[in-house]
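Chemist: Each chain, written out:
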Amino acid sequence: MVLLRSFEAALLRQPKPGFQLLSRGEEAIAVGICAALQRKDPFLCSGRSIGPALARGVPPGGLLAELIGKDGGPNRGRAGRAHVSMPSVGLFGAHGVVGGNLTVAAGVALAQQQLGTGAVALCLFGDGACGSGTLHETLNIAALWRLPLVLACDNNGYAVSTAVRDAIAAPRLTDLAAPFGIPASAVDGTDVDAVAAAVGEAVEGARAGRGPWFLELQCARMAPHSTLTREERPPAEVEELRGHDPITLYEKRLRAEGILSDALWAGLMAEVDAEVAEAERFALAAVWPDPEAAMLDV
Amino acid sequence: MIRKLVVPKELGEGIEVRLLQWYKAEGDLVGVDEAILEFETDKAIVLVGAKQAGLLRKCFYGAGDWMQTGDVVGWLSDELDEPLPAERDAQAEVLLVSFDAT
Amino acid sequence: MSRLFFREALCRAMAEEMERDSRVILMGQDIAAHGGSYAETRGLFERFGPARVRNTPVAEAVTVGLAAGAAAAGLRPLAFITYLDFLMLGLDALVNYAAKLRFKSAGQLTSPMVVKATAGAKGQGPTHAQSLEPWLMNVPGLTVLAPSTAGDAYGMLKTALRAPGPVVFIDHKKLFPRGGSVPDTEELVPVGSAAIRREGKHLTIVAHSYMSVLALEAATALAAEGIEAEVIDLRSLAPIDWETLTTSARRTGHALFVEEGQVVCGVGAELAFGLRERLSSLRVARLGAKRAPVAPSPVLESFIVPDAKDIEQSARDLLLANVKNGTHRTGKEET
Chain R
1 MVLLRSFEAA
11 LLRQPKPGFQ
21 LLSRGEEAIA
31 VGICAALQRK
41 DPFLCSGRSI
51 GPALARGVPP
61 GGLLAELIGK
71 DGGPNRGRAG
81 RAHVSMPSVG
91 LFGAHGVVGG
101 NLTVAAGVAL
111 AQQQLGTGAV
121 ALCLFGDGAC
131 GSGTLHETLN
141 IAALWRLPLV
151 LACDNNGYAV
161 STAVRDAIAA
171 PRLTDLAAPF
181 GIPASAVDGT
191 DVDAVAAAVG
201 EAVEGARAGR
211 GPWFLELQCA
221 RMAPHSTLTR
231 EERPPAEVEE
241 LRGHDPITLY
251 EKRLRAEGIL
261 SDALWAGLMA
271 EVDAEVAEAE
281 RFALAAVWPD
291 PEAAMLDV
Chain S
1 MIRKLVVPKE
11 LGEGIEVRLL
21 QWYKAEGDLV
31 GVDEAILEFE
41 TDKAIVLVGA
51 KQAGLLRKCF
61 YGAGDWMQTG
71 DVVGWLSDEL
81 DEPLPAERDA
91 QAEVLLVSFD
101 AT
Chain L
1 MSRLFFREAL
11 CRAMAEEMER
21 DSRVILMGQD
31 IAAHGGSYAE
41 TRGLFERFGP
51 ARVRNTPVAE
61 AVTVGLAAGA
71 AAAGLRPLAF
81 ITYLDFLMLG
91 LDALVNYAAK
101 LRFKSAGQLT
111 SPMVVKATAG
121 AKGQGPTHAQ
131 SLEPWLMNVP
141 GLTVLAPSTA
151 GDAYGMLKTA
161 LRAPGPVVFI
171 DHKKLFPRGG
181 SVPDTEELVP
191 VGSAAIRREG
201 KHLTIVAHSY
211 MSVLALEAAT
221 ALAAEGIEAE
231 VIDLRSLAPI
241 DWETLTTSAR
251 RTGHALFVEE
261 GQVVCGVGAE
271 LAFGLRERLS
281 SLRVARLGAK
291 RAPVAPSPVL
301 ESFIVPDAKD
311 IEQSARDLLL
321 ANVKNGTHRT
331 GKEET
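From first to last, the protein sequence lines stand for chains R, S and L. Take this note's numbering: the last position of the first sequence gets the number 298, and nothing is skipped along the way. Take this note's numbering: the last position of the second sequence gets the number 102, and nothing is skipped along the way. Take this note's numbering: the last position of the third sequence gets the number 335, and nothing is skipped along the way.
Here chain R stands alone, though its shape is the one from the complex (with noise of 0.2 Å):
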């Protein structure tokens, strides 16, 4: 979670960090999922995208060359942030339109299914897509044919502006599952042992054969929709969300509970810092792409 959010500070610190979606204040969803996840299991995500390849185990210093387009990213600059790919660490990818992934996830999940990969497919995406028809067609045929899927839903509770009480019908949104007969639960988005727990038990059910399960993953967006979006939240509302830190949160339970100490903390950090530094130094040095190179793979 400090990689994160250390890395998500380097990349600002860009020249030009360009249009990104930070997951400053949701690092304990991208974190808590992949501690659950089996390698095979391909995690699909959003273009909310960073926390999640990171802590998949993207390269940092691919994944920035990748985010500020230069040659050196898994994607040798093709993805970038919306459509970051890296398959062989089980990244299957994230699609930038919002709900575009949810379906694709289900033909994953079905792959697997059929092939009898004992992988689960999870695909995490944000409370925006809720009201997405795509949501609906897939939690339906996820149910219809009990693929092995968990759709994880990152509720920071705005879809850039639009609150989601405003934005969805349903008092809760796990209620969304509830017409198909999926298991869902809402989930403190901000606990990455609760996220991890949570996510475990939905991954293992559906290995298991008992088909998809539905997640609400509530946390709270700490910086504005993306880094070319202005913040509408009146200063004061944004300013409480400190209070629902991750980061801050895990490091005062481990501190209580007499599991980190001010020497580990201190270790953490430098060796965070060096790997931020090496993913810097690694992006400089990254080429840029030959702009020919834009015809290969078409």
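Simulated from the structure, these hints should not be mistaken for lab results. Don't take each hint at face value.
Said to hold, decoys possible - Once the Cα atoms are required to be at most 30 Å apart in a straight line, the calculated DSS-like pairs of lysine-lysine come out as:
no.: 1; chain 1: L; residue 1: Lys174; chain 2: L; residue 2: Lys158
no.: 2; chain 1: S; residue 1: Lys9; chain 2: L; residue 2: Lys174
no.: 3; chain 1: L; residue 1: Lys290; chain 2: L; residue 2: Lys122
no.: 4; chain 1: S; residue 1: Lys43; chain 2: L; residue 2: Lys174
no.: 5; chain 1: L; residue 1: Lys173; chain 2: L; residue 2: Lys158
no.: 6; chain 1: S; residue 1: Lys9; chain 2: S; residue 2: Lys24
no.: 7; chain 1: R; residue 1: Lys40; chain 2: R; residue 2: Lys16
no.: 8; chain 1: L; residue 1: Lys309; chain 2: L; residue 2: Lys158
no.: 9; chain 1: L; residue 1: Lys158; chain 2: L; residue 2: Lys290
no.: 10; chain 1: S; residue 1: Lys24; chain 2: S; residue 2: Lys51
no.: 11; chain 1: S; residue 1: Lys9; chain 2: S; residue 2: Lys51
no.: 12; chain 1: S; residue 1: Lys43; chain 2: L; residue 2: Lys122
no.: 13; chain 1: L; residue 1: Lys158; chain 2: L; residue 2: Lys122
no.: 14; chain 1: L; residue 1: Lys174; chain 2: L; residue 2: Lys290
no.: 15; chain 1: L; residue 1: Lys309; chain 2: S; residue 2: Lys43
no.: 16; chain 1: L; residue 1: Lys122; chain 2: L; residue 2: Lys174
no.: 17; chain 1: S; residue 1: Lys9; chain 2: L; residue 2: Lys309
no.: 18; chain 1: L; residue 1: Lys309; chain 2: L; residue 2: Lys201
no.: 19; chain 1: S; residue 1: Lys9; chain 2: S; residue 2: Lys43
no.: 20; chain 1: L; residue 1: Lys158; chain 2: S; residue 2: Lys43
no.: 21; chain 1: S; residue 1: Lys9; chain 2: L; residue 2: Lys173
no.: 22; chain 1: L; residue 1: Lys173; chain 2: L; residue 2: Lys122
no.: 23; chain 1: S; residue 1: Lys43; chain 2: L; residue 2: Lys173
no.: 24; chain 1: L; residue 1: Lys201; chain 2: L; residue 2: Lys174
no.: 25; chain 1: S; residue 1: Lys9; chain 2: L; residue 2: Lys122
no.: 26; chain 1: S; residue 1: Lys24; chain 2: S; residue 2: Lys43
no.: 27; chain 1: S; residue 1: Lys24; chain 2: S; residue 2: Lys58
Claimed, not checked - Computed spacing ranges between beta-carbons, pair by pair:
no.: 28; chain 1: L; residue 1: Asn138; chain 2: R; residue 2: Leu260; range: 55 to 65 Å
no.: 29; chain 1: L; residue 1: Gly123; chain 2: S; residue 2: Ala53; range: 30 to 40 Å
no.: 30; chain 1: L; residue 1: Gln313; chain 2: R; residue 2: Ser226; range: 32 to 42 Å
The C-beta atom is built at its ideal place from N, Cα and C for all residues, glycine as well.
Given the structure of chain R, go ahead and fit chains S and L onto it with the hints provided.
Modeler: Relative to the frame of chain R, chains S and L by itself:
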């Protein structure tokens, strides 16, 4: 009187059909409401029945052959010794038929 | 050679490919026990079972998404879209995901899926009759095929089911009632190969799908007037067989492009421009639907959609050089 049996045009212009089987052979008497032959379109099996009686005198197609709507499939006559026209598409009354698609 | 209905040729191609490759699965509305909206999957459910021949709900977005994702994850799905018009509901997964996947993953992932969709006017009206091929031709990464004969339906569907990237396979309602010769042994039609259906020296008529059938009828009628039209069946709309088109058009000096859909930014517009880039002197004309939605009334429909007589007249107009400035929208009425 000579009558010609035609692939019903009511099925549509230029529709191709495949002859599945004859229920009558040359020389057989075809009674009213009796089945004559069966063919298939791309969508349906069509049973053709007679709405006029006659003797089946000539069959131009066999099972598996392809025909189009409007094609003359065969000739019927009232009497066994009535001479048949020389040309397949010679002018003649069209035999009234029923056709049931399934 | 055997003579088969168009649908039987499709069915044989699917059966053979499913037999050959266990990754091939079929998904779509009414394709299982019902045997397909056009009876083109008859017998496949019984033969290959419910896991490989899957009925879907009326939900094109997830149907295309399922195919795109399943293809990316190792299957070779064929998704059926009953009417090409309904593909609009699934375009995100096709265009934004599948068509770009190889590119955006830098070659790590591909989506070898096929969408089979049925185009064409046959009395179904505004949203069940459109020919939207140019929309799809416009997308980098999509292969677009459109057979006009049973033999090509067989050979091209097999090709599509082995192709590396997403393929849209477009058939036509008016082709289903037709029979045609299909090779008894396996024969694949390569992507990007047009077929010369009739040779001629006075003009080249380029068409695809059902319009190829009408173009041949028109060519037969024109021959009686002494006009020898060369008829090229495009077969592959993306990529385009420029070599065959260029060779023919260079020889005849006149090219008429016929399509059933709208001519605005249409197949003909692209072909005419592409050929003019390749040939310094070429007279071109295009013929397509009038600028109106397709109406269900037979009278209105036949007014809107080109027929063989329209093709004949467009050919005569082109040859009589009543064409100003090289390009001209022919048809029953100027728009």
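Chemist: For this structure, which hints from the list above don't hold up?
Modeler: 7, 8, 9, 30
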